Structure formats: structure tokens, C-alpha cells
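Chemist: As a plain string of letters, each chain reads:
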Amino acid sequence: MSKDAIIKEFEAAIGAENVMTDETDRHAYSYDAAVLDSVVPALVVRPTTSEALGKCVKLCNDNGVPLTVRGAGTNLSGGTIPHPGGCVVLTNGLNRILEINEEDMYAVVEPGVVTAKFAAEVASRGLFYPPDPGSQTVSTLGGNVAENAGGLRGLKYGVTKDYVMGVDFWDVNGELVKSGSRTVKCVTGYNLAGLMVASEGTLGVFDKIILKLIPPAQAAKSMMAIFPSMKAASETVAAIIANKIVPATLEMMDNFTINTVENFRGAGLPTDAAALLLIEVDGHPAQVEDEAVLVEKICKENGATEIKVAKDAAERDAVWQARRDALPALAKLKPTCVLEDATVPRSKIPAMIAALEEISKKLDLTIGTFGHAGDGNLHPTILTDKRDKAEWERVEKGIDMIFDRALALGGTLSGEHGIGLAKSKYMEIETSRATLEYAHRMKSVLDPKGILNPGKIIGFKK
Amino acid sequence: MADINRLAQMFMELDDLLVGCMRCGMCQAVCPVFAQSGREGDVTRGKLALLDKLAHEMLEDPQGVKEKLDRCLLCGTCQANCPSGVSVMDIFLKARAIMTGYFGLSPVKQAIFRGMLKNPKLFNTLVGMGSKFQGLFTKKVDDMLGSSCARFNAPVIGDRHFNSLAKKPLHKIVPEMDTPAGKSGIRVALYVGCVVDKIFPQVGEAILKVLKHHGVGVYMPAGQACCGIPALSSGDTSTFDSLVNMNVKLFKDAEFDYLVTGCASCTSTIKELWPHMYQGDSVTRYEAAKLQKKTMDISQFLVDILQVQPTGGNCGRSVTYHDPCHLKNSLGITAQPRELIRTAGCDYKEMAEAGTCCGCGGSFNIAHYDISKQIGSRKADNILAAKVQTAATSCPACMLQITDMLSQKGAGMDVKHVIELYADSL
Ligand SMILES: Cc1cc2nc3c(=O)[nH]c(=O)nc-3n(C[C@H](O)[C@H](O)[C@H](O)COP(=O)(O)OP(=O)(O)OC[C@H]3O[C@@H](n4cnc5c(N)ncnc54)[C@H](O)[C@@H]3O)c2cc1C
Ligand code: SF4
Ligand code: SF4
Ligand code: SF4
Chain A
226 MSKDAIIKEF EAAIGAENVM TDETDRHAYS YDAAVLDSVV PALVVRPTTS EALGKCVKLC
286 NDNGVPLTVR GAGTNLSGGT IPHPGGCVVL TNGLNRILEI NEEDMYAVVE PGVVTAKFAA
346 EVASRGLFYP PDPGSQTVST LGGNVAENAG GLRGLKYGVT KDYVMGVDFW DVNGELVKSG
406 SRTVKCVTGY NLAGLMVASE GTLGVFDKII LKLIPPAQAA KSMMAIFPSM KAASETVAAI
466 IANKIVPATL EMMDNFTINT VENFRGAGLP TDAAALLLIE VDGHPAQVED EAVLVEKICK
526 ENGATEIKVA KDAAERDAVW QARRDALPAL AKLKPTCVLE DATVPRSKIP AMIAALEEIS
586 KKLDLTIGTF GHAGDGNLHP TILTDKRDKA EWERVEKGID MIFDRALALG GTLSGEHGIG
646 LAKSKYMEIE TSRATLEYAH RMKSVLDPKG ILNPGKIIGF KK
Chain B
253 MADINRLAQM FMELDDLLVG CMRCGMCQAV CPVFAQSGRE GDVTRGKLAL LDKLAHEMLE
313 DPQGVKEKLD RCLLCGTCQA NCPSGVSVMD IFLKARAIMT GYFGLSPVKQ AIFRGMLKNP
373 KLFNTLVGMG SKFQGLFTKK VDDMLGSSCA RFNAPVIGDR HFNSLAKKPL HKIVPEMDTP
433 AGKSGIRVAL YVGCVVDKIF PQVGEAILKV LKHHGVGVYM PAGQACCGIP ALSSGDTSTF
493 DSLVNMNVKL FKDAEFDYLV TGCASCTSTI KELWPHMYQG DSVTRYEAAK LQKKTMDISQ
553 FLVDILQVQP TGGNCGRSVT YHDPCHLKNS LGITAQPREL IRTAGCDYKE MAEAGTCCGC
613 GGSFNIAHYD ISKQIGSRKA DNILAAKVQT AATSCPACML QITDMLSQKG AGMDVKHVIE
673 LYADSL
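The listed protein sequences correspond, in order, to chains A and B.
Numbers 226 to 687, taken from the numbering used here, label the letters of the first sequence in order.
Numbers 253 to 678, taken from the numbering used here, label the letters of the second sequence in order.
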């Protein structure tokens, strides 16, 4: 069918006002938050009902049009960069919270619901949805599930996958597939919901998502510990866990990041500190008291030069503001900011930090490092100007080296940002030839025409 | 019309500013236009990406980009919240100037900006006639005023519930003023601004009453011209330049400590845009930079400089406050107006989302009334939910929009400038 005819079909199916074909509209959906080249789609559609979403998938498949689902487009791995000539399907017209069940503690949502809005709505009912990616004020729950997004609370509360009870999704034929249930336990058939988590739009298009909710912690205590070396700080992380304390959050910042944040906000951070740990314990009030004392002790034993415990909500906010400022402060230093996502076993954090320092020296790159030390998920952030060709080549080399080292330390390519286009080339190194073959075989059956987000995660079959 | 390569070259001049956007998408959380439409082309990231593509000759449709660029309130919320610190307003204003250079200015805007705004006397006369005959000639006045001043859309089209032009503008009530400092030992210059002058002269009178009460000397020259923001946001830099020039001439040789205004938009235009965007002679730019340092919002002046104390008066009503974008986003002024309301003895209640744009955004309100109305309607709902008797703000343009929205909902509330509440309590 001709392109015009296909567009007419879409217009008939979901309404002309929901189909965008102007050059400017198409260009506005050609990129995402990853530092990669943009690709312009042939059309962009914005279904506003579940049925319309199904129709879009079917139409794409019938016409062999590559389809890329897009939530907020904040992923950092190119997962929403469309395929040339493809169709972008927006989910932000599907943004209803369908149910919040306080008795059974679950919620049913459409995929385009914004994470922070959902969390706030849940909180107003006295419940808690823990996954809190840094992008939560804009990211969508569909995007979170498709990327298995994590956040500051990953250490104790887990990541998105730990809250997905079920996903209903459209297969390529436009048939609705149901998985999971509203019960805590469910072993009915294949764990298709599990398969959808981190699938980055390559296996199906989510329609409704059932999410687990939990009761909020009654009390919390935050503190900031100052260390003379990254080594001492990372050994402290290991020691806290070894003492069987699982803080809700355990974050780390290197000296470069501390100084950048301090220049940015002037909140009185110790600029001569080699490293900072930001720690929050939460739970039952008595337990929180005990754990806070113990954490303080462990920090001191491992060489912390100073520990500041937040006395009230304002001081607690100040601690987390410092952490939230890390990315914005770094981002202001240079035009391009490559936020990486290397993750290693906790015990290997000191080795990974050393590797990052070495890479930065060797390639003469500015790298600020902060991240979720508690779960070994570091965010080395390379600051550069993409227009500087020579430096950009070194940046690309640096990224290769970072992943090389992370994998050598028994780590993984991505703790939370996904593989997308950006890291598909490394997939075989972390997994195996057979793993990729298996994935390609599975995909070729579920998506015979290869229309679902082609090239992402597993690349194209060679 | 210049060719598109030339246009691309002009946009390349913005490259150093554009490259700062890391495409994180965080602006989606705050942009009021995006909140209504959900379209990437309407949010900052999308607009910056399109400009970037235009600069790099990857796009062929500059008209389409211009239309996207114009769907923006210039409220500055995105810039105030951008993690990467992108100078969004700077980019958008310069981009609009480039677009206007390329496509030319519409004949209507030419007539309004170059024919009328540039000539304050004629502007006054026409508006004066308009006020007398507005019942008869509404339509005519509309076209003229419709896009003349930032949000000077008063007697316009459709189902708007507009404030009419004042029977007697401020420049007729108090043509000019030049009084020495009294007990405060301070003398200020008063920049009136066209909405205060022509629609809300009572705000100007309130300012004068308060200044007199505190023994502040006033320099208010006749013949003040529009601050230039309507022209600048339409990309008409030459009109902007001549308006800045006219205004600077009026104020540059007078002796005063501060230049105050009761219009958030004027304050931010004088402070942020006069010295920065003026392209004319260096002497005027130098003088504008001197004025910049002295310029203050009226409640900022009263609270920070005069340190006014509770008057003992009781304004006798419950009040909520809407933050004008131009005070909150560009100047970071949020505490002082609230403090002034409390100082006036009002029962202050904060509304939800007090800091989000009311949706007016100058000619945006005219070109995109439907979105403007949706945004404003949400503001009105938040005001109603605060269950107060009066909605206060610090920008006469916001007063127009909020009045329109509340009136359409039959709210039966009054909308006041913060300074009116304070003046009433004296
Ligand atoms: C400033 C910033 C901070 C960030 N912080 C974090 C963080 O702390 N933790 C973290 O994990 N990530 C973080 N991210 C990355 C990103 O925000 C997350 O990956 C997020 O989950 C993406 O959500 P989204 O709605 O933007 O999805 P998009 O970027 O639009 O899409 C992501 C992927 O999901 C697929 N997808 C979206 N909706 C559907 C659907 N309905 N069905 C099938 N597939 C779908 C897309 O095709 C794509 O492959 C951050 C990003 C930024 C810019
Ligand atoms: S928030 Fe700033 S850096 Fe991020 S996309 Fe918007 S304009 Fe660009
Ligand atoms: S200035 Fe206001 S309306 Fe324009 S893009 Fe920024 S937030 Fe949106
Ligand atoms: S900002 Fe003030 S002077 Fe400028 S156009 Fe608006 S009311 Fe007139």
C-alpha cells in the first residue's frame, strides 16, 4: 500500500487528529534522551483508547511498518529512536489510573501514566509505590516497565520488576494477551509479564499494567557521611550490608561531583571530601533508631571523618537535594553529558572506581561519578562537547572501556537504563552467542515481520 | 525572502546556546502548553530540537517550525527548571527575531507596533477614543488592541469576559509627577506600563498612595512608551529597540534610587531584556544596564527596602495569590508579594499550583485562545478550590486572564493587584 493510503487507514481507525505527518511533528519524535543520531519516522500516532492502541499495532503489522512505542522519551539508550520510515506510537494519550485497590494493595494503570503522578496518588491513599527513577516527574509507567527502571530505593525496595503483577499487551496481530493477575501469588502459565519487563517495546505493546503497592515505612532517618577516600566509602557500603542492614537508600558521590554540586547550590557540602555517602534507613521507628546508630558506628569504623544526621524534615530534604543536584550540576558544565550505567557487584565498587579514574586520566576525559552504591549501580558521567570530533572519539573509546571493565569485574552493561540501540553491540560479550540466537528465534516467532522496535536490545540478526 | 540556507546560517548563530540541551525531557513536567496538548513539538525539548535541525539544514519547512515556536507562552517555566541551564528564553526570542526577519512582520502587527506603539501619544489618543466608543466600535478596538500589548487583549473577540478600558487612564488622572524624597529619604521612578495605565489605573493610584504614605519621592515622567515585550516576542526587534530608546531617554537623567513597577512583565522586561536584547547604540545599552540594577517589583521594594510592618489595618478578607511567571521564573520573586498580603492584614491561603502560568502569554492568548483558556481554566479551578474571597497577583496582564476565567465560571470573586490590598489597609 502507498504511504498515503496507510496514513488514511490510520486516520480512519483512530481519528485524523491523532495522526501526525507534518515534517516538524515527525522530527519532534526522532530522538530521545540518549546521545545518538536522530531518525525521522514516517508518521506519529497518538491513540487515546485501548482499542485504538490495538488497531495501531495491527495496522503497522499488516502493512509491515516498523513500530516504536514512546512514553516520555526519557530513556538513555535510544530505545525510542524510530526505525527509518517507521511509525511512532505515543502512549501519553493513555494516561488513566484505572483502579487503586487499597484492600488488596494493587493498582491497574494505562501505560502512559506519569510515574510521579501515580506515586502521589497512591501516597494520598496511604500506600506506597517505591520505584522512583530520577526522571519520575515525566517518565511513564509503561516506559518504566519496558526498561525495568530502578531508582534511589532499589537496594531495599527493588526495582520496577518487583512491582509488576501483570501486563496486558497487544501482540503484533492486534490481539490482546493477558498475563499475571491481581493476586500476590500467580503461577498460571508462562510468566509473560516477566518477559515483558525490560523488553523495550520489542515483544509487545503494553495496554494495562497491574502494579503491586506496599504500606509506607513509618519512620525514616537520613545522614551524610564524609570520607577521605572513595575506597573507604565503598568499603563502608560493603560493611553496612555485611552487618545485615539494608538501608532504603545508599548513594555515593565522588569529589568532582561534590565540588560541582557545591558550586551549583552552595549548600555547604565538604568540598575537600574525597567521597560522600548519603544514607537513609527506614521502617519501624524503634528499628530506625537502632539502625541509624549502627550505621553511624560502621561509618566511623571505616574511616568516616564526619557524619551529619538530619534532625528534621528540612535537613533530610537538604541531604536528598544534594543527591538530586548531581546530574543537573554536572550537566551544566559542558554541552554534552553522557550518563553511563555501569553496574558491578557491590564488593567490586572500589575496583570500578579505580578503573574509572584510570580511564579518565588515560583518555583525558572529565568524568564525574555518582550513583547507587548500595546496589553497585554507578553513573559515571562523561562531560564533553559532541562537536569536538577528536574528543568525541575518545569518549566513544571511554564508553567501550567502561563496559569492558565492568564486565571483567563480573558486572553488567546496564543496571537500569536499558540496552536499546546504544548498547546492543555489547550484548554478546555479556551473554553468549546462544543467548542472542535464542532471543532472535523467540522474536522471529512472536514478531515474524520484525516490526516491533527493530534493532533494539538484540540488534538485527546477522 | 532569503533562501533557506541563509536562514540555516542565521540559526547556526544560536548553535552554542542550542547545544546545551541534553534532551533529557524534564521540561515535559512543567510546560503548560505541553500539559494540554501532550505533543513533543509543543514542549521546549521539541522546539529546541527543531531549531537545531533547522540550523543544520535537516529540515525543509521553516514555516512549520515557526508555528511550533509560536505555540509558547514565553512563561520561562522550562528555563527556571531546566537541569542543564539552557537559556531557553534567549533562544526563543532570538529565534523569533530571525523568523520575523525571514518571513517579515504581518501587516496587522506592523500597523500596531510600528504605527502605534512607537508613537505613545497616538496610542493614548486611539485608546482614549476606544474607551469612549468601545460599546460601538468594539470590533475595531479589538483588532488594534488585540495584539498590541503583551496581554492587552482586553475587549476582544468571542466569549472572552474582558475588562474594559478604563474611563480615565492613569495618564489623564495623574499626567506626571516629580516629588522629593520624604521621611523615607528614598526617591523612586515609577514605570507605569500600558495595562496599568489604560485598564487598571487604580493599580497605579494604589502605588502612588502607598509611596506617598511612606514618604517616598516619585519621578513619573509623561510620555512613557510600552516596554517592548510584545514587539520582541513577535520578533520585531527594531520596534523593541526604539521603545527601549524612548523609555531610557525619559529616565536616564533623573535622580532616583530605584525604578519600580507594578507589572511583573514590565519588571522582567526592563531587568532581563532591555540591556540584553537591545541592539542599538552602546550609550543606550549602557544606560539600560544602569536602570536594570535599580529596577524592582513594587512589593519587593516595599518588603525588602522599606521593610514595611503590619499596618494594623484589616483588609477583612481571605486572599490567595497567583505567581506571575515573569516574577517567579525570571526574577525568583515569590515571598514578598505574599508577605505584603499578610502585612495588609488579609487572611492568606495558598492555592494549589500557585506558581503555574495562567495561560495568557501575550499574543499567545489571541492566536491560541483554546489552549490559553484550558490552562487558565485550571488556574481558576485552583483559585476556587482555595475558597477565598479575593484572588491577588502582581501582574495586570495576569489579572486580565484570571478575571476572564473566573468570570466565565461565574465565580463572583474579585481579582486584585497585591498593591491594592496593601493600599486599602493604610
Ligand atoms: C534525567 C534522567 C534521569 C533518569 N533517571 C533514571 C533512574 O534513576 N533510573 C532509571 O532506571 N532510569 C532513569 N532514567 C532513564 C529513563 O527515564 C527510564 O528508562 C524510564 O523508564 C523511561 O520512561 P519513558 O516513559 O520515558 O519511556 P521511553 O523512553 O518513552 O521508552 C523507553 C522504552 O520503553 C518502551 N515502551 C514505552 N512504553 C511502552 C509500552 N506501552 N509498551 C511497550 N514498550 C513501551 C519504548 O519503546 C522504549 O524502548 C533517567 C533519564 C533521565 C533523562
Ligand atoms: S529540561 Fe532543559 S536540557 Fe532537558 S530537554 Fe528540556 S530544555 Fe533540554
Ligand atoms: S516558555 Fe513556557 S510555554 Fe514556552 S516552552 Fe517553556 S514552559 Fe512551555
Ligand atoms: S509588560 Fe507592561 S508595558 Fe509591557 S506590554 Fe505588558 S503591560 Fe505593557
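The reader is advised that the hints may include incorrect statements.
[Said to hold, decoys possible] Below, computed lysine to aspartate or glutamate pairings styled on DMTMM-like, alpha-carbon distance capped at 25 angstroms: (1) B/K318 with A/D396; (2) A/K614 with B/D313; (3) A/K228 with B/D268; (4) A/K611 with B/D268.
[Said to hold, decoys possible] Just the calculated beta-carbon pair ranges, DEER-fashion: (5) A/P441 with B/A433: 51 to 59 angstroms; (6) B/G564 with A/P441: 39 to 47 angstroms; (7) A/E236 with B/S416: 55 to 63 angstroms; (8) B/D505 with A/A345: 37 to 45 angstroms; (9) B/S534 with A/S349: 26 to 34 angstroms; (10) A/S349 with B/R569: 52 to 60 angstroms; (11) B/S339 with A/E400: 36 to 44 angstroms; (12) A/K611 with B/G434: 32 to 40 angstroms; (13) A/A345 with B/Q531: 40 to 48 angstroms; (14) A/L323 with B/Q561: 30 to 38 angstroms; (15) B/Q626 with A/A464: 28 to 36 angstroms; (16) A/A345 with B/S416: 35 to 43 angstroms.
Calculated directly from the structure, the hints in this document are not laboratory data.
Here the structure is a predicted model, which is why all the values come from computation and not from measurement.
Glycine included, every Cβ here is placed at the ideal spot set by N, Cα and C.
Chemist: Now look at each hint and say whether the structure bears it out.
Modeler: Now the hints, each set against the structure:
no.: 1; hint: B/K318 with A/D396; in the structure: violated, 39 angstroms
no.: 2; hint: A/K614 with B/D313; in the structure: violated, 29 angstroms
no.: 3; hint: A/K228 with B/D268; in the structure: violated, 38 angstroms
no.: 4; hint: A/K611 with B/D268; in the structure: holds, 12 angstroms
no.: 5; hint: A/P441 with B/A433: 51 to 59 angstroms; in the structure: holds, 58 angstroms
no.: 6; hint: B/G564 with A/P441: 39 to 47 angstroms; in the structure: holds, 45 angstroms
no.: 7; hint: A/E236 with B/S416: 55 to 63 angstroms; in the structure: violated, 44 angstroms
no.: 8; hint: B/D505 with A/A345: 37 to 45 angstroms; in the structure: violated, 55 angstroms
no.: 9; hint: B/S534 with A/S349: 26 to 34 angstroms; in the structure: violated, 57 angstroms
no.: 10; hint: A/S349 with B/R569: 52 to 60 angstroms; in the structure: violated, 30 angstroms
no.: 11; hint: B/S339 with A/E400: 36 to 44 angstroms; in the structure: violated, 49 angstroms
no.: 12; hint: A/K611 with B/G434: 32 to 40 angstroms; in the structure: violated, 59 angstroms
no.: 13; hint: A/A345 with B/Q531: 40 to 48 angstroms; in the structure: holds, 46 angstroms
no.: 14; hint: A/L323 with B/Q561: 30 to 38 angstroms; in the structure: violated, 54 angstroms
no.: 15; hint: B/Q626 with A/A464: 28 to 36 angstroms; in the structure: violated, 55 angstroms
no.: 16; hint: A/A345 with B/S416: 35 to 43 angstroms; in the structure: holds, 42 angstroms
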